[in-house]
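Undergrad: What follows is the residue order along each chain.
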Amino acid sequence: DTGVSQNPRHKITKRGQNVTFRCDPISEHNRLYWYRQTLGQGPEFLTYFQNEAQLEKSRLLSDRFSAERPKGSFSTLEIQRTEQGDSAMYLCASRITGDGNTIYFGEGSWLTVV
Amino acid sequence: SQQGEEDPQALSIQEGENATMNCSYKTSINNLQWYRQNSGRGLVHLILIRSNEREKHSGRLRVTLDTSKKSSSLLITASRAADTASYFCATADTGTASKLTFGTGTRLQVTL
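For the protein sequence lines, the chains are F and P, in the order given. Per this note's numbering, the first sequence runs over residues -4 to 109. Per this note's numbering, the second sequence runs over residues 5 to 116.
If you're looking for bench data, these hints aren't it; they were derived computationally from the structure. Model, not experiment: these values are computed from the prediction. Please note that the accuracy of each hint is not assured.
What the hints assert, rightly or not - To list a few chain F residues with every Cβ distance to chain P over 12 angstroms, as calculated:
hint	residue
1	Pro65
2	Gly80
3	Glu102
What the hints assert, rightly or not - To give an idea of the interface, some chain F residues facing chain P are shown, with a C-beta separation under 7 angstroms as derived from the structure:
hint	residue
4	Thr97
5	Ile98
6	Gly103
All residues carry an ideal CB built from backbone N, CA and C; glycine is no exception.
Could you build the full structure based on these sequences and the hints that come with them?
TA: And the structure:
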């Protein structure tokens, strides 16, 4: 399967701990996006990369959140000092730049902060 | 923030019936995409319609787009129990990011 891969799929952590999620996009996709989805809501944009450059960050991305894509391939999303409000599914997506190109999503990483 | 609303929020139909979901949005768009999400899973891309297109078909799916009304509809014909899922419309903005902004989704239940 050469789709978008995310791990871990599920993470339970205690409040105050740091967590890191990894995303492997579809090969040769130069755009990579991170979204967050809470129960009963649609996904909300967090940030995106064009190759290794992080070009836009949502106001949802507080200073406890950091995302990287060091070599323009896989990406990591780290949440420091987790809070219960961080509990959500974190979705990664990728695409090739170009007019109308489909954005493909991974299966998501569920985070539960207890 | 959410771009717009899907209508209805929930829909329950019997297998074999058609299901229609509507989506409204607020800003100028490059394209609009529909996704399906099974409970606890990721998003599966269904169909993309560009801003200069009015209708598109894919298998049992039919999508319309009315940019003057800033609305779109998704029709699933001859529904099956396996179509049970949440359906989201997402608009791609006209900026360079082309990031998607999602609606709140329609939860479709197809019963036997």
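Undergrad: It remains to establish, for every hint, whether it holds in the given structure.
TA: Status of the hints after comparison with the structure:
no. : hint   : result
1   : Pro65  : 20 angstroms, holds
2   : Gly80  : 17 angstroms, holds
3   : Glu102 : 4 angstroms, violated
4   : Thr97  : 5 angstroms, holds
5   : Ile98  : 6 angstroms, holds
6   : Gly103 : 5 angstroms, holds
Hint 3 alone, counting from the list given before, is not met by this structure.
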